[in-house]
Amino acid sequence: MEYSVLMTVYGKDNPEYFRKALLSMVKQTKTPDEIVLVKDGPITEELQSVIDKVDKKYPNFIVQVQLPTNLGLGLALNEGIKICKNELLARMDADDISLPGRCEKQVAAFEENPALDIVGCPVIEFIGEPDCRVGKRKVPLDNEAIYQYCKKRDPFNHPTVMYRKSKVVSVGCYGNLRKNQDTDLWIRMLSKGAVCANLPEYLFLFRFDENTYKKRKNWLNTKLLFEIRWRAFRSGFCSFIDFLEIAVAQIAIFTMPVKFQKFIYKNLLRR
Numbered sequence: 001m002e003y004s005v006l007m008t009v010y011g012k013d014n015p016e017y018f019r020k021a022l023l024s025m026v027k028q029t030k031t032p033d034e035i036v037l038v039k040d041g042p043i044t045e046e047l048q049s050v051i052d053k054v055d056k057k058y059p060n061f062i063v064q065v066q067l068p069t070n071l072g073l074g075l076a077l078n079e080g081i082k083i084c085k086n087e088l089l090a091r092m093d094a095d096d097i098s099l100p101g102r103c104e105k106q107v108a109a110f111e112e113n114p115a116l117d118i119v120g121c122p123v124i125e126f127i128g129e130p131d132c133r134v135g136k137r138k139v140p141l142d143n144e145a146i147y148q149y150c151k152k153r154d155p156f157n158h159p160t161v162m163y164r165k166s167k168v169v170s171v172g173c174y175g176n177l178r179k180n181q182d183t184d185l186w187i188r189m190l191s192k193g194a195v196c197a198n199l200p201e202y203l204f205l206f207r208f209d210e211n212t213y214k215k216r217k218n219w220l221n222t223k224l225l226f227e228i229r230w231r232a233f234r235s236g237f238c239s240f241i242d243f244l245e246i247a248v249a250q251i252a253i254f255t256m257p258v259k260f261q262k263f264i265y266k267n268l269l270r271r
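In terms of our numbering, the sequence shown opens at residue 1 and continues consecutively.
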């Protein structure tokens with residue numbers, strides 16, 4: 001089975017991080033059929049130089065999609081989904097690193113079980129250089145565990161997933177949200193019977209820094225998560241108790257100092 005890589009890049013992305021992320025997809029043991037790269041608004045000369053150098057070395061491989069203005073991750077991904085020519089789409093962010101065998105193993109999972117709609121994996125978190133590994137982010141593995149987990153938390157690490165284009169399109173793709181686009185998508189896909197799995201292997205390096213904590217203390221992030229989870233409750237996807245637990249936890253994260261957030265994140269949420 002062939003697959004497309006789906007990435008976005010925007011003006012504030014780090015060129016060196018982006019270069020490593022892009023090359024990690026080019027050098028997969030199962031080479032992608034194409035890399036659909038959405039430029040979410042104008043980008044810097046340094047970022048464009050990264051694209052040009054990779055494109056020169058690997059010609060007719062990168063499909064560039066230029067958006068006139070910054071739309072945000074979800075809407076930018078929707079534009080990329082329209083362009084992707086394959087049914088299987090491998091997500092990738094502009095600052096992380098996919099290990100070489102990631103996509104080969106995900107494609108193999110789809111070939112082994114054609115009913116699958118989403119396949120993700122756990123991640124290793126790192127700061128700075130890939131060998132400076134600071135933690136792991138586990139995820140539930142089988143479909144039922146993923147469904148139950150999704151009632152309270154995200155069951156996938158978004159940039160690790162490979163999913164079926166047709167299933168994503170069938171639920172309306174990503175919503176018009178500036179934050180938590182993936183949470184909203186998982187709930188809608190699972191509500192419509194998506195069949196899912198996470199591979200047990202750690203096939204992805206997730207870049208982690210101080211900004212990761214600060215993003216979680218953003219009021220927009222908190223507000224949108226409330227709205228998404230409230231809709232999930234109203235639709236019958238989760239119980240009111242599930243919603244209440246999420247709301248209390250999110251308020252606590254928003255109000256507590258970053259150092260306490262770090263402690264909880266490292267010692268409780270990553271077990």
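It is worth saying that the hints were derived from the structure and are not from the lab.
Every residue, glycine too, gets a C-beta built ideally from N, C-alpha and C.
Please note: incorrect hints may appear among the correct ones.
Pair by pair, the computed Cβ-Cβ distance ranges are [unchecked claim]: (1) Gly193 with Asn70: 18 to 24 Å; (2) Glu46 with Leu244: 44 to 50 Å; (3) Pro130 with Ile83: 26 to 32 Å; (4) Phe61 with Phe240: 46 to 52 Å; (5) Asn218 with Gln148: 38 to 44 Å; (6) Gln66 with Thr31: 23 to 29 Å; (7) Glu46 with Asn176: 25 to 31 Å.
Straight-line Cα separation of at most 27 Å, BS3-like style, residue types lysine-lysine; simulated pairs [said to hold, decoys possible]: (8) Lys179 with Lys165; (9) Lys136 with Lys152; (10) Lys56 with Lys82; (11) Lys179 with Lys20; (12) Lys12 with Lys30; (13) Lys192 with Lys105; (14) Lys82 with Lys138; (15) Lys57 with Lys85; (16) Lys151 with Lys85.
Practice prompt. Using the Cβ atoms, figure out if Gln66 sits within 23 to 29 Å of Thr31.
Written response: At 25 Å between Cβs, range holds.
Worksheet entry | Restraint check for Lys82 with Lys138, where alpha carbons must lie at most 27 Å apart | violated, 31 Å
Worksheet item: Has the given pair, Lys12 with Lys30, been kept, meaning a C-alpha gap of at most 27 Å?
Response: Given that 27 Å is the threshold and the Cα spacing comes to 30 Å, the pair is violated.
Worksheet entry | Hinted pair Lys151 and Lys85, Cα distance within 27 Å | The given pair, whose Cα atoms are some 32 Å apart, is violated under the 27 Å limit.
Worksheet item: Does the structure keep Lys192 and Lys105 at a Cα separation of 27 Å or less?
Response: holds, 25 Å
Worksheet entry | 27 Å limit on alpha-carbon distance, applied to hinted pair Lys179 and Lys165 | holds, 21 Å
Worksheet item: Can the restraint linking Lys57 and Lys85 be considered satisfied, given a maximum Cα separation of 27 Å?
Response: holds, 22 Å
Worksheet item: Using the C-beta atoms of Glu46 and Asn176, is the stated range 25 to 31 Å upheld?
Response: holds, 30 Å
Worksheet item: Falls inside 18 to 24 Å, the C-beta gap from Gly193 to Asn70?
Response: violated, 34 Å
Discussion item. 26 to 32 Å was suggested as the range; check whether the CB atoms of Pro130 and Ile83 agree with it.
Written reply: holds, 30 Å
Worksheet entry | Verdict for Glu46, Leu244 (Cβ pair) under range 44 to 50 Å | Holds - the Cβ-Cβ distance for Glu46 and Leu244, about 46 Å, lies within 44 to 50 Å.
Worksheet item: CA of Lys56 to CA of Lys82, is that 27 Å or under?
Response: holds, 25 Å
The structure fails to meet hints 1, 5, 12, 14, 16 from the earlier list, while all remaining hints are met.
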